[in-house]
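Asker: Residues in the sequence shown are numbered from 1 upward in steps of one, following the numbering used here.
What the hints contain is simulated information worked out from the structure, not anything from laboratory work.
Glycine included, each C-beta is placed from N, C-alpha and C at the ideal position.
Hints may contain errors.
Claimed, not checked - Have a look at the derived ranges for each label pair, beta carbon to beta carbon:
(1) 328 / 189: 38 to 48 Å
(2) 184 / 337: 22 to 32 Å
(3) 184 / 226: 30 to 40 Å
(4) 184 / 223: 34 to 44 Å
As the list claims (entries may be wrong) - With a straight-line cut-off of 30 Å between C-alpha atoms, the simulated BS3-like cross-links for lysine-lysine are:
(5) 386 / 318
(6) 238 / 92
(7) 218 / 238
(8) 86 / 313
(9) 218 / 92
(10) 313 / 90
(11) 441 / 86
(12) 238 / 386
(13) 386 / 313
(14) 86 / 218
(15) 237 / 92
(16) 313 / 441
(17) 90 / 238
(18) 92 / 313
(19) 238 / 313
(20) 318 / 86
(21) 386 / 90
(22) 238 / 86
(23) 237 / 86
(24) 441 / 318
(25) 218 / 90
(26) 237 / 90
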Amino acid sequence: MAKGSHDMTRGNIFTHIIMYAIPMIFGNFLQLSYNMADSVIIGKLLGENPLAACSASNQLMTLMILGASGLGMGASIIMARLYGAKEYDKLKREFATTFIFGLFFSLAVFLTGFILADHILLWMNTPSEVAKEAAVYLRIMFVGFLFTFQYNIMSHSLRGIGNTAMPVVFLGISCGLNVLMDLLFIGVLHMGVEGAGLATVIAEAISVISCMVYIHAKVDLLRLSRNDMHIDRTLLKKTLSLGSVTALQQAAQPVGKLFIQSTINAQGVITIDAFNAVCRVDDFACVPAQSIGSGIMTCTAQNRGAGSRERVKETVRKGLLVSLCYFPIIFTLVMLLKHPLMVLLSPEGSTQIISMGVSYLSVKAYIFLLACIVNSVQGFARGVGKMHISLISTILQITVRAIIVWIFVPKMGIVAEAYGCAIGWTCQAIYEFGYFFIMRKRIERSI
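Taking the hints into account, I'd like the entire structure generated from these sequences.
Answerer: Dropping the structure here:
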C-alpha cells in the first residue's frame, strides 16, 4: 500500500466503510462548526439583525461550497478507480490537472461574486435593514472561496486514495483558531460581521496551507514537482465530464434552497433566524449519513477499478446496513436536544425563534431515515459512474420541496419545509430504487 493511502480492495468491507466514515464525520462536523461559531457568537454578542445579515446568504455559500465539493468528488472518483487499478502515475496527473484548473475557476467565481454581491442579495429578497451588512459579509466570503475551493480539491483527493484522517487534523486546528478569532474580532475588537467573516477566511486559509504541506511531505502519490504542474487535457475532459455532473448534483440542492431561502427571507427577520438555526441542526444531523455514503462511493470505485464485481455488490449492501443503524441514534438525539439546541442557536430572549425551531425539529427527526437511505444509494451510484441518477433524483427532490415551501410556508411557517423535505426525499428514494431495479442487469455488466 502506498504511503498516506488506504487500500479498500481487500479486507472487511464493514470495517473499511466505518473507518473511512468516522474521520469524515468528525471533519464535516468541524467544517460546519465554522459557520456555527459565527452564528452563536454573532447572535449572542451582536443581536438579531447582524445574525440575519450573515444568515441571509447561507444557502448561497452552501451552493458554492457544494459546487466545489462536487468537482472535487468527481476527481476523487477517478482517482479512486486509478488507485484500485494501481495506475499511480496517471493518478498524480489527475491531481495536478484538477488542482491547476481549480485555481483559475475559483478566481473567476471570486471576481464575479465580489462585483455582484449587492445584486445577489437583492434577488434573494434580503430585508433592507440588514442588506448593507449582508453585502459586506458576502464579499468577504467570496474572498474565502479561493481557499475553500482548493481545500475541497485536496481533501477529496486524499479521500480518493482512502485517507480521510489527515484533513480532519488540519480542519480541527483551523476550526479552533476560527472560534478564537471570532471572539477576538467581535468580542474584543468590535469588528462586527466583518470580523466574523475575516475569522472564517483566515481559518480556511490555514486549512489549505496545512493540507498542501502534508501532501508534499507525506503523500508520495500526490506530491507535485515543477514538472508535474501542467494540465493533461484528456484527464481534464474526463474530470469535467464526471465532475460537472457531480457538481451540478451537489449544487442542485442549494440552488433549490436559494428559492426556499428567498421565500423564508420574505417572512421577516424572526423567521430567517429560526430557519437558519434549524438548518444548522439539520446539517449536523445529516453528516454521518453523507459520510457513510462517501465511504460507499470510494469503496465501490476502488473495487470497480480493481475489477472486483462481487465486492462492489457487497459494498452497497453492507453500506446501507451501516447507514440504517445510524437513524435511531440521530432520532433520539434530536428529540431529546431540540429545545437546548434552539436556545443555544438563538439570540437571547428570542422565545418565538425557539418555539418555531422546536416545532420544525419535532417533525424533521422522523425524516432522517430517508436521508440514510438516499445517501447510501447515491454513494453506490457515484461509485459505479452513474452520476446522472444522483443528479436527476436530487433535482426531483429539491423541486418538490421548493414548491411546497412556496405554497405553504406563508401559511404554516417553517414547519412546512420539514413536510416538504419528507415528500421530496420520498420521491427521490422511489426514483433511485426504481431505476436500479429496472436497470440492474445492465449495471452489473458495467461494473
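Asker: Confirm or reject each hint.
Answerer: Each hint, compared with the structure:
1. 328 / 189: 38 to 48 Å: Since the Cβ atoms of residue 328 and residue 189 sit about 45 Å apart, the hinted range of 38 to 48 Å holds.
2. 184 / 337: 22 to 32 Å: Since residue 184 and residue 337 have Cβ atoms about 29 Å apart, the given range 22 to 32 Å holds.
3. 184 / 226: 30 to 40 Å: holds, 38 Å
4. 184 / 223: 34 to 44 Å: Given range 34 to 44 Å: holds, Cβ gap about 36 Å.
5. 386 / 318: holds, 19 Å
6. 238 / 92: holds, 15 Å
7. 218 / 238: This hinted pair holds, its Cα atoms lying about 27 Å apart.
8. 86 / 313: holds, 21 Å
9. 218 / 92: Roughly 14 Å separates the two Cα atoms, so the pair holds.
10. 313 / 90: This hinted pair holds, its Cα atoms lying about 26 Å apart.
11. 441 / 86: holds, 28 Å
12. 238 / 386: holds, 14 Å
13. 386 / 313: holds, 15 Å
14. 86 / 218: holds, 19 Å
15. 237 / 92: holds, 16 Å
16. 313 / 441: It holds: about 12 Å lies between the C-alpha atoms, which stays within 30 Å.
17. 90 / 238: holds, 13 Å
18. 92 / 313: Cα-Cα ~28 Å, so holds.
19. 238 / 313: Judged against 30 Å, a Cα distance of about 25 Å means the pair holds.
20. 318 / 86: Cα-Cα ~25 Å, so holds.
21. 386 / 90: Within the cut-off at roughly 22 Å; holds.
22. 238 / 86: Given that 30 Å is the threshold and the Cα spacing comes to 18 Å, the pair holds.
23. 237 / 86: Within the cut-off at roughly 21 Å; holds.
24. 441 / 318: The given pair, whose Cα atoms are some 20 Å apart, holds under the 30 Å limit.
25. 218 / 90: holds, 19 Å
26. 237 / 90: Judged against 30 Å, a Cα distance of about 14 Å means the pair holds.
Violation of the numbered hints given earlier is absent; every hint is satisfied by the structure.
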